[in-house]
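Enquirer: Those protein sequence lines, which keep their order, are chains G and Z.
Per the working numbering, the very first residue in the first sequence carries number 1; after that it's consecutive.
Per the working numbering, the very first residue in the second sequence carries number 1001; after that it's consecutive.
Treat the hints with care, as some may be off.
Label pairs and their computed distance ranges (CB to CB) [as the list claims (entries may be wrong)]:
#, chain 1, residue 1, chain 2, residue 2, range
1, Z, Glu1114, G, Asp292, 44 to 54 Å
2, G, Val39, Z, Leu1103, 29 to 39 Å
3, G, Pro294, Z, Ala1113, 33 to 43 Å
4, G, Ser149, Z, Val1089, 18 to 28 Å
5, Z, Val1086, G, Gly173, 15 to 25 Å
Which chain G residues stay away from chain Z? Per the calculated CB distances, all over 10 Å, these [unchecked claim]:
#, residue
6, Ser36
7, Ile40
8, Tyr123
9, Pro201
10, Ala211
11, Glu218
12, Leu238
13, Asp247
14, Thr255
15, Ala257
16, Gly259
17, Thr267
18, Asp269
Where chain Z lies over chain G, by a calculated footprint (3+ residues, C-beta under 8 Å) [said to hold, decoys possible]:
#, region
19, 20-32
20, 169-179
21, 307-315
In short, the hints are calculated from the structure, not lab data.
Just so we're clear, the structure is a prediction, and the values are computed from it rather than from any experiment.
Glycine included, C-beta positions come from ideal geometry on N, C-alpha and C.
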Amino acid sequence: MAEPGAASLASPILLYVGCVLGALGLLLALPRPRVSPQVIGLLVGALALGVIFIALGVRNADHLPNYNFYIFSAIALASALRVVTHPRPVYAALYFILTILASCGLYVLLAAEFMAFALVIVYAGAILITYLFVIMLATETPTSDAVESLSEYDRYSREPAFAAVIGLILLAGLSTLLVSGSAQLKPQTVDAGAQRIEWVPRRVERALREADLIAADERIARTDAPPNRLDGVTDSGLLMDLKPQPDGRVLGSVTIAYGNNQRRVVTSDDPRWPADMGLTNAEGVGMSLLADLPGAIETAGIILLMAMLGAVVLARKKVELDEAAKAQAHAAGAAGGGA
Amino acid sequence: MNHFSTLALTLAQADWPAPLHQATLMHYLVVSAIMFVIGLVGFITRRNLIIMFLCTELMFQAAGLSLIAFSRFHLNHTGETFVIFVLTVAAAEAALALALVVLLFRRKMTLDAEGWSELRG
């Protein structure tokens, strides 16, 4: 499966042509004084994306991503380009929401449903609303709908040619490294985290009960030896021997206790053994978060607390200190408006 | 099977424990690299302070996409967990940076980054 050069390109020149076209499209799409052919820039950028995908895909026809990948990534990149080039800040923020939603589509294609939903809620729902509020608070009201009524720093970009060259160099370097590096990666075959199905015995019981393998009052038997607390949560003290398989099923045996200390063993040889006993995405993320990185959650909580304190402190200061400067700026603005 | 569930099944062709080929991974990584470069170019070229911060969020987003892609490739949830922390940092940064931007705007009544070019070390 992992033959050498499996992730190879059609031709490196095609990739670099795509990069150069992309930089050209970016350069054309950036707003400048006098002529700024933004639509042509967008079209050239789309052509560049097509060339890059052809360069990546032609030699790997058996391993192309789902066609939804192309739809979502085209939407994400086009709206990212509009974030960068749109002269109106509110529209730029709305295009950023579109980028977020399209990357959520990519997350779903990568089997990360939990993060896709979290991204919609946290980014599109909370962070971007804060951005929109600040943009509306801190922008002078445009006098008309024409682009000329916008402030000068929104209409024109700074150093577009320099930025396009920097972007071209970075993109060419990154894609060279990615293409040469990802050919050497070995794909994983077994989901290591699925072993943690033994940490959720009630779920195993429920799955077995729904498959009519055990009765309503039967429970997974405890081990005779006292549970080993030295390695913490990894030993539940229950008699289970479950192994995740490369195809996603979980096979093995579970010992069931029923009246009068009697026991029987249910194994996956039984035809009624449930096929979908693996952990869901949210369960996997939650266990990884709580079992592998418990300290990091505390740190994240402290970061959020500090951000909240900082925002409160900043918001208080501006009321007390800036009255004189604000009056001055208002006076200057009125004078400028009158002139 | 109705049309909606067909569409849902097509979208969720994630088939989680099946190994992801390096070529498929490379597609996602290249998309993430392009998004990062667009964010960087935006950070250089835009002069509105708020849009400059929006472009840093775009770069966060690109990094998150490659983290999720690697998490899928290695069949390991740690990459997804890391995106949660990227989200945390982005939220904290948005709260603080936007408060600062409002403060700066109150002082000069402009969002132009070049209006603050006298801030030198």
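Enquirer: Confirm or reject each hint.
Expert: Hint by hint, here is what the structure shows:
For the pair Glu1114/Z and Asp292/G, the supplied restraint of 44 to 54 Å holds, since their beta-carbon distance comes to about 45 Å. Distance hint check for Val39/G and Leu1103/Z: the Cβ-Cβ separation is about 38 Å, which falls inside the suggested range of 29 to 39 Å. Against the hinted window of 33 to 43 Å, the Cβ-Cβ separation of Pro294/G and Ala1113/Z comes to about 40 Å, which satisfies the hint. Take Ser149/G and Val1089/Z: their Cβ atoms lie about 36 Å apart, and the range 18 to 28 Å is violated.
Restraint check, Val1086/Z to Gly173/G: a C-beta distance of roughly 23 Å satisfies the suggested window 15 to 25 Å. With a cut of 10 Å on Cβ distances, Ser36/G stays outside the contact zone with chain Z, its closest approach being about 12 Å. Residue placement check: Ile40/G keeps its beta carbon more than 10 Å from all beta carbons of chain Z (closest about 17 Å). At roughly 7 Å, the least C-beta separation between Tyr123/G and chain Z is not larger than 10 Å, which violates its mark as non-interface.
The beta carbon of Pro201/G sits about 20 Å from the closest Cβ of chain Z, which is more than 10 Å, so the claim that it is off the interface holds. Every CB of chain Z lies more than 10 Å from the CB of Ala211/G, the least distance being 20 Å, so the non-interface label holds. Against the 10 Å criterion, Glu218/G stays outside the reach of chain Z, whose nearest CB is about 29 Å from its own CB. The claim that Leu238/G lies off the interface holds: its Cβ sits roughly 23 Å from the closest Cβ of chain Z, which is beyond the 10 Å cut-off.
Not every C-beta of chain Z lies more than 10 Å from that of Asp247/G, the closest at about 7 Å, which undercuts listing it as non-interface. The claim that Thr255/G lies off the interface holds: its Cβ sits roughly 26 Å from the closest Cβ of chain Z, which is beyond the 10 Å cut-off. No beta-carbon of chain Z comes within 10 Å of the beta-carbon of Ala257/G; the shortest separation is about 31 Å. Consistency note on Gly259/G: stated as away from chain Z, and its beta-carbon is indeed over 10 Å from all of that chain's, at 38 Å minimum.
Residue-level check passed: Thr267/G sits 21 Å from the nearest beta carbon of chain Z, beyond 10 Å. Listed as outside the interface, Asp269/G is consistent with that label: its C-beta sits roughly 21 Å from the nearest C-beta of chain Z, beyond the 10 Å cut-off. A stretch counts as covered by a chain when three or more of its residues have a beta carbon under 8 Å from one of that chain; for the region 20-32 of chain G and chain Z the count is 3, and the coverage holds. Three residues within the 8 Å Cβ limit are the bar, and the region 169-179 of chain G against chain Z gives 6, so the coverage statement holds.
Check on the region 307-315 of chain G: 6 of its residues sit with their Cβ under 8 Å from a Cβ of chain Z, so the three-residue criterion for coverage holds.
When the structure is compared with the earlier hints, violations turn up for hints 4, 8, 13 and for no others.
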